[in-house]
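> What follows is each chain in one-letter form.
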Amino acid sequence: MRLFWLKIGLMVSYLVAGTLSALALDGAMLIVNPGVVTDSLSAKELKDIYTAKTKYWDDGQAIIIVVIPDKTDAALEQASGMDGNQFKTFWERLAFSGRGSEPERAGDTAALVAFVASTKGAIALVPADAALAGVKQIKIK
Amino acid sequence: MLLASPVALMVCRLQAADLNLLGTNMPPLDFHGFVSQGFLATTKYNYLGNDTKDGSFQFTEAGLNVSMNPLPRTRIEAQGFLYDVGESGKYQPFLDYASIEYTFNDYLGLRGGRIRRPQGIYNDIQDVDLARTYVLLPQGIYDARSRDFSVSLDGGEVFGNLPLSNAGALSYEAYAGYINVGTDSGVADRINNSLPVGKVTSFDPMLIAGSQLWWNTPVDGLRFGTAFGYGFNFDYNLNLPTGYPPPDPSSVSLHASSHITLQQYSAEYLWENWTFQAEYYNIQNNQHTTSPAGTTPSFVVNYAWYAAAAYRFNKWLEVGGYYTEYYADQPMTFGSDTSQKDAALSFRFDPKPWWVIKLEGHYIRGTALLDDNADNPVRNDNGWFMLMLKTTVSF
Chain P
92 MRLFWLKIGL MVSYLVAGTL SALALDGAML IVNPGVVTDS LSAKELKDIY
142 TAKTKYWDDG QAIIIVVIPD KTDAALEQAS GMDGNQFKTF WERLAFSGRG
192 SEPERAGDTA ALVAFVASTK GAIALVPADA ALAGVKQIKI K
Chain E
396 MLLASPVALM VCRLQAADLN LLGTNMPPLD FHGFVSQGFL ATTKYNYLGN
446 DTKDGSFQFT EAGLNVSMNP LPRTRIEAQG FLYDVGESGK YQPFLDYASI
496 EYTFNDYLGL RGGRIRRPQG IYNDIQDVDL ARTYVLLPQG IYDARSRDFS
546 VSLDGGEVFG NLPLSNAGAL SYEAYAGYIN VGTDSGVADR INNSLPVGKV
596 TSFDPMLIAG SQLWWNTPVD GLRFGTAFGY GFNFDYNLNL PTGYPPPDPS
646 SVSLHASSHI TLQQYSAEYL WENWTFQAEY YNIQNNQHTT SPAGTTPSFV
696 VNYAWYAAAA YRFNKWLEVG GYYTEYYADQ PMTFGSDTSQ KDAALSFRFD
746 PKPWWVIKLE GHYIRGTALL DDNADNPVRN DNGWFMLMLK TTVSF
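In order, the protein sequences belong to chains P and E. Residue numbers for the first sequence, in the working numbering: 92 to 232. Residue numbers for the second sequence, in the working numbering: 396 to 790.
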């Protein structure tokens, strides 16, 4: 019996530890509109944004998530804990029940960077080799 | 006439739009919408419509919503909606939700106006086809004909998300308000069909209060929920003809008054390409019916549960299935069963991010949810089948 509970404890520890490990964004960078007041985010803060638990920046500006399908899927999954389809469905549920706004979709990397540069409160994951102009890169603490 | 065929859906698709009004400083408006058109065919009984044995296209939903953030931490949102499911909806557009919310911080926000009522995984999105694997949700919990009773209310709610350190987080919504049901609603149809003669003549607005709690565990994708609701006064008036033969105008008026208690328990786990879900639902109706002869009490408990699993093979194909059972204390209509069991297998295709096609089959035993009297004069518990096809475009 003691062995059983030891195994359960180890399993829970493994699961919890897995959620607390440092976040690596495979092949991607995190950028925001220059007007966003923060310069860095923790992995938990980023996840709270991508899972709609945090909807506003500290100054009250609405957070607008921008995505580029297919090009940053791995990083999106690391940031949100959901794959691309789960992420899309999650936000559609919020949008059509009056509880949130769907992430904006960009057609390509240049359009995504331009959208973030011109949209207050915007945040996005972009490919690591993207040319950045008019946006602020955010560090993951 | 069909509201929309797949061809029309393709033609009318629009891009999601942010509208800046005439160069003013007004915040942009964010528009989204969808149109769904389904086809269903059944063996043996007519279900969710009066002609499904011949195949029916009476399975349409469409929504258009708009939102904006006019001030810091403030959001306004509204959605117009129409639907047609069997005898319910009839393509009449209505204001589905229209609310304003203020978010103090991650822990506390307020939302008021006409809001969608949270209950379980699907209640507030039960008519949003693109946000799930299945065409038809388990009908013992999410009855497509009763959406005007179950989905929205006029009132307010508090909401928020409370971190629990290494134990994950607790998200909550607590609401109170009024549900306004019309005599042309699916609920009215259901009551009318439960009567040998007569019909509902009016409903009082029902005051309801409740909550939805979700424990988002530290394990990514795993959450457990519990919902509770209490309807203080589900009151309506009935008129029953007493004269015979029919031209005799004699009738008697009855008043029914109920206290309704709702409970729902949910579990959901998104694990790699799998989605696992299970829910249990219980509704108790404590009713007193007053007629010139006196008052008759009744207490009815109905419950349902389901377990579902879906696997996404790639970006364009997901396959899922569920098994559900529904039990009623007493037959809803003369001759029907007190249970209905349904095994469903569904294929969801996503040819484009904005286009979904679904094919779904059901094997059903029991007739407890066949509340359309004239369409199903003879019933037994032999198994029967239902085939569904549905497509949705969104922007």
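Watch out, some of these pointers could steer you wrong.
Below, simulated EDC-like cross-link-like pairs (lysine to aspartate or glutamate); rule was C-alpha separation at most 20 angstroms, straight line [what the hints assert, rightly or not]: (1) E:Lys710 with P:Asp220; (2) P:Lys144 with E:Asp446; (3) P:Lys138 with E:Asp501; (4) P:Lys144 with E:Asp745; (5) E:Lys485 with P:Asp139; (6) P:Lys179 with E:Glu667; (7) E:Lys710 with P:Glu136; (8) P:Lys232 with P:Glu136; (9) E:Lys485 with P:Asp199; (10) E:Lys747 with P:Asp174; (11) P:Lys179 with E:Asp732; (12) P:Lys211 with P:Glu168; (13) E:Lys747 with P:Glu136; (14) P:Lys144 with E:Glu663; (15) P:Lys179 with P:Asp199.
Pair by pair, the computed Cβ-Cβ distance ranges are [what the hints assert, rightly or not]: (16) P:Ser131 with E:Thr656: 24 to 30 angstroms; (17) E:Pro558 with P:Gly198: 47 to 53 angstroms; (18) E:Pro591 with P:Gly151: 34 to 40 angstroms.
Just so you know, these hints were derived from the structure itself, not from any lab. Note that this is a predicted model, so its numbers are computed, not measured. Backbone N, C-alpha and C fix where the C-beta goes; we use that ideal spot for every residue, glycine too.
> Find the hints from earlier in the document that the structure breaks and name them by number, from lowest to highest.
Going through the list in order, the structure violates hints 1, 2, 4, 5, 7, 9, 11, 12, 13, 16, 17, 18 and respects the others.
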